[in-house]
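Engineer: Here is what each chain is made of, one letter per residue.
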Amino acid sequence: MEVLAYLIPISLLLGGVGLVAFVYTVRSNQYEDPEGDARRILSDEWDDKPKP
Amino acid sequence: MTAQLSSGTAACPGCLAAPAEPARSIPEDVQIALSLPGIHCSACIATVERELNAHPGVENARVNLTLKRAMIKATPETRAVDLIPVLEKAGFEAHELDPGALSATQTDKAGRDLLMRLAVAGFASMNVMLLSVSVWSGATDATRDMFHWISAAIALPAIAFSAQPFFANAWSALRVRRLNMDVPIVLAILLALVTSLWETALSGEHAYFDAALTLTFFLLAGRYLDYRTRAAARSAAEELTALEVPRAIRLVDGVENEIAVADLKVGDLILVRPGGRMPVDGEIVSGQSELDRSLLTGETVPVFAEIGQLVSAGEVNLTGPLTLRATAVGEDTSLHRMADLVAIAESGRSRYTSLADKAAKLYAPGVHILSALSFLGWYIYSGDIRTALNIAAAVLIITCPCALGLAVPAVTTAASGRLFRKGMLIKHATALERLSEADTVVFDKTGTLTSGSPELVNLGDHSRAKVEVALALAEASAHPLSVALAKAAREAGIKPANVRGVVEVPGYGTEGEYRGQRVRLGRAAWVGAEQGSETSAWLAIGDHAPLAFRFSDALRPGAAEAVDALRAAGKHVVLMSGDSQGAVRALAEKLGITDWIAEALPQDKAHRIQDLSDKGHHVLMVGDGLNDTAALAAAHVSISPASALDAARVASDIVLLGNDLSPIADACDTAVKATKRIRENFRIATVYNVIAVPLAVIGLATPLIAALAMSTSSITVSLNALRLR
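So the protein lines, in turn, are chains V and D. Here the first sequence is numbered in the numbering used here, starting from -15 and rising by one per residue. Here the second sequence is numbered in the numbering used here, starting from 4 and rising by one per residue.
Derived by calculation from the structure, the hints in this document are not laboratory data. Model, not experiment: these values are computed from the prediction. The C-beta atom is built at its ideal place from N, Cα and C for all residues, glycine as well. Mixed in with the good hints, there may be bad ones.
[As the list claims (entries may be wrong)] Going by beta-carbon spacing under 7 Å, a handful of chain D positions derived as facing chain V: (1) 49; (2) 50; (3) 68; (4) 118; (5) 122; (6) 130; (7) 371; (8) 382; (9) 689.
[Said to hold, decoys possible] The calculated lysine to aspartate or glutamate pairs, modelled on EDC-like cross-linking and capped at a C-alpha distance of 20 Å, are: (10) V:35 / D:617; (11) V:33 / V:21; (12) D:425 / V:17; (13) D:112 / V:29; (14) D:425 / V:-14; (15) D:76 / V:16; (16) D:112 / V:16; (17) D:574 / D:440; (18) V:33 / D:52; (19) D:593 / D:458; (20) V:35 / D:52; (21) D:76 / V:32; (22) V:35 / D:54; (23) D:574 / D:602.
Using the sequences and the hints, build the whole thing.
Structural biologist: The following block contains the structure:
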């Protein structure tokens, strides 16, 4: 059961990392256009080089 | 509403092309926003962005497909009116939006706030659920207690943050001594936390921290969906308002000043250019022109305007520049008096109770009574307040309306999304439910079933030589009839005759010289002809008898299909118009509508609809003009096209974003299906309660059962809603 002493903090930490990542995506407007982003991936326009 | 209505007196969107005010010149890049109702795929995105980025002056253009909008960063001298033709050439319908009005919706604080709370509740419930699973699978004694304490440490701050919207709503309802859906929710969450803490402190077996968190999570998900649907509609409705820029040109000592319509005063001299809309009521002091009154009265024949004539706000100036002296501004204009009719009619609609409200009214007291009874019953039976409280909490948690909270928003989100893709905007929360009940459809004519632009009908009646002369004259004018004539003639492959010295006489027509004879194209009286009931332009060559070019109003695309589909769906279709008998009869026959009314005044329309409602019909009104606004508000549910006057759009529940009318029939169909799904969802939620509640009341419910019941019912309800797509 000593393993819990590691596992519980790790699980909490991972959960926290997930939450922080989500907060970051919200703050950087990544949910503004879900439909457009889903379609954009099909376009081959910037496949060779990234958009400047 | 008054604020929005006042912008209804706006000058035309075309005035954007007019010189900008010098005071607000910004040296930096400007933001231009365009509404693109027609885009739908990745190819559309690519084409629009390529076309826009290729345009000189555009620095960066990005399409938002979800909002069907393009945001463009451009140099200050770039104007939206230059970009719209670029897109139209590529085959996309585009309208300019006022970026000032949009910036408010761009940073969507409330939505982001809800999303954050949803995320916190989601992550916290995942972590707590992890611990709970270990407890359910057999952790005992010190381990169980530790897991419970960790759960408490996560759950308490998470709920304190995430459940705030419910706390606030419940408190505001309780303060006025009323019950809403949030009261049982808050009670369940709080009671679950209190009993769980108590149990944990006494090393008890059952703690409901995970239930309290998942409850918050599911309910927030419902709230968020609901919010998203309405926010999308609201921002798009704001977009439509942003289409009309409320500016007018005031003349001070002969100098033109562009000012906001709200700043106009009685007695001001106002210049209205051809194509512009009258911003105020007034009297013409100089100029001659023709006025299009169709938005106010539904008449399609333009009215001659000369010095001394009174004009009303909302009329459109067609040919020559007019100078007005304002006699009534702002709220005193006839436009606004008409809007008062709307306010009266609208109070009737607010009496509609939505399905969700009906459910909540039954539900909230029921749950409280049930939980109080089980508390009392167990207290009397066992004499132990801890057991009784535990069971009361279990009852509240299990009955708690996770599924009920999702039942309506999940369906309306799916339905609104589906309709939005077809170019319809659901503005009102209960619009779909009301639309599903509609059995009678009333159409306005001008601007709704017809596009409001004339179409030449008798080109073949005239000899080619005469049409050549007419074309030469027509091309010198921007009058809608001239434009339509020129278009029809050009399409027939006719070249203009060599007419010299063509001049436009505002209010009358165009005049020139052809082979030594004076030729005129214009109003009947001007060329010496008798004015008939139909819209026509007359051509006079020398002293020959004048020839009539007759016009009819072109049908809006999809109008015939919409009417047919509605009739096929068993709905009664009525045509109500302020236009003349002949014009209305012709259109009714063309579309096969047997029930039609012509020359209807705005009050008549509203009364007719009231009569129909009194007979037990549920009326769907489709209209665009100011003369329709009272009728739109009086109807059970209403639809207006995006080209409608601001006041009409405000009064209607659903706005058609594109030009096509055919989605109306689809919308009725979707609404019926959506309402069916909502009812189904309520039934599913009830079935779960019927199974789980007895378990809770007799004290058999464990946190595991609560979690299972809650999740399965919420997921079934959401999946059922998704079937609508």
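Engineer: Against each hint, give a clear statement of whether it holds in the structure.
Structural biologist: Hints, verified against the model:
Residue-level restraint check for residue 49 of chain D holds (minimum Cβ-Cβ distance to chain V is 5 Å; threshold 7 Å). Contact between residue 50 of chain D and chain V, as hinted, is not supported at the beta carbon level, the nearest pair being about 10 Å apart and thus beyond 7 Å. Of the supplied interface hints, the one on residue 68 of chain D holds, with its beta-carbon coming within about 3 Å of a beta-carbon of chain V, less than 7 Å. Interface restraint check: residue 118 of chain D against chain V, minimum CB-CB distance 6 Å, threshold 7 Å, status holds.
About 5 Å separates the beta-carbon of residue 122 of chain D from the nearest beta-carbon of chain V, less than 7 Å, and the hint is met. Taking 7 Å as the C-beta contact cut-off toward chain V, the hint placing residue 130 of chain D at the interface holds, the least distance being around 5 Å. Residue-level restraint check for residue 371 of chain D is violated (minimum Cβ-Cβ distance to chain V is 34 Å; threshold 7 Å). Interface restraint check for residue 382 of chain D: the shortest CB-CB distance to chain V comes to about 37 Å, outside 7 Å, so the restraint is violated.
Interface hint at residue 689 of chain D: violated, since its Cβ lies 33 Å from the closest Cβ of chain V, which is beyond the 7 Å cut-off. A threshold of 20 Å between alpha carbons decides the hint, and for residue 35 of chain V with residue 617 of chain D the separation of about 62 Å lies outside it, so the pair is violated. Pair hint residue 33 of chain V plus residue 21 of chain V holds up; C-alpha atoms about 18 Å apart against a cutoff of 20 Å. For the given pair, residue 425 of chain D sits about 18 Å from residue 17 of chain V by alpha-carbon distance, which is consistent with the 20 Å threshold.
Among the hinted pairs, residue 112 of chain D with residue 29 of chain V is inconsistent with the structure: their alpha-carbon atoms are about 33 Å apart, more than 20 Å. This hinted pair does not check out: residue 425 of chain D and residue -14 of chain V have alpha carbons roughly 59 Å apart, beyond 20 Å. Of the supplied pair hints, the one linking residue 76 of chain D and residue 16 of chain V holds, its CA atoms being roughly 18 Å apart against a limit of 20 Å. At most 20 Å may separate the alpha-carbon atoms for a hinted pair to count; residue 112 of chain D and residue 16 of chain V meet this at roughly 13 Å.
This hinted pair checks out: residue 574 of chain D and residue 440 of chain D have alpha carbons roughly 11 Å apart, not beyond 20 Å. Among the hinted pairs, residue 33 of chain V with residue 52 of chain D is consistent with the structure: their alpha-carbon atoms are about 17 Å apart, no more than 20 Å. Pair hint residue 593 of chain D plus residue 458 of chain D holds up; C-alpha atoms about 15 Å apart against a cutoff of 20 Å. A C-alpha spacing of about 13 Å is found between residue 35 of chain V and residue 52 of chain D, which places the hinted pair at or below 20 Å, so the restraint holds.
Restraint check: the Cα-Cα separation between residue 76 of chain D and residue 32 of chain V comes to about 25 Å, which exceeds 20 Å; the hinted pair is violated. About 16 Å separates the Cα atoms of residue 35 of chain V and residue 54 of chain D, which keeps this hinted pair within 20 Å; it holds. As the CA atoms of residue 574 of chain D and residue 602 of chain D are separated by approximately 24 Å, the hinted pair breaks the 20 Å bound.
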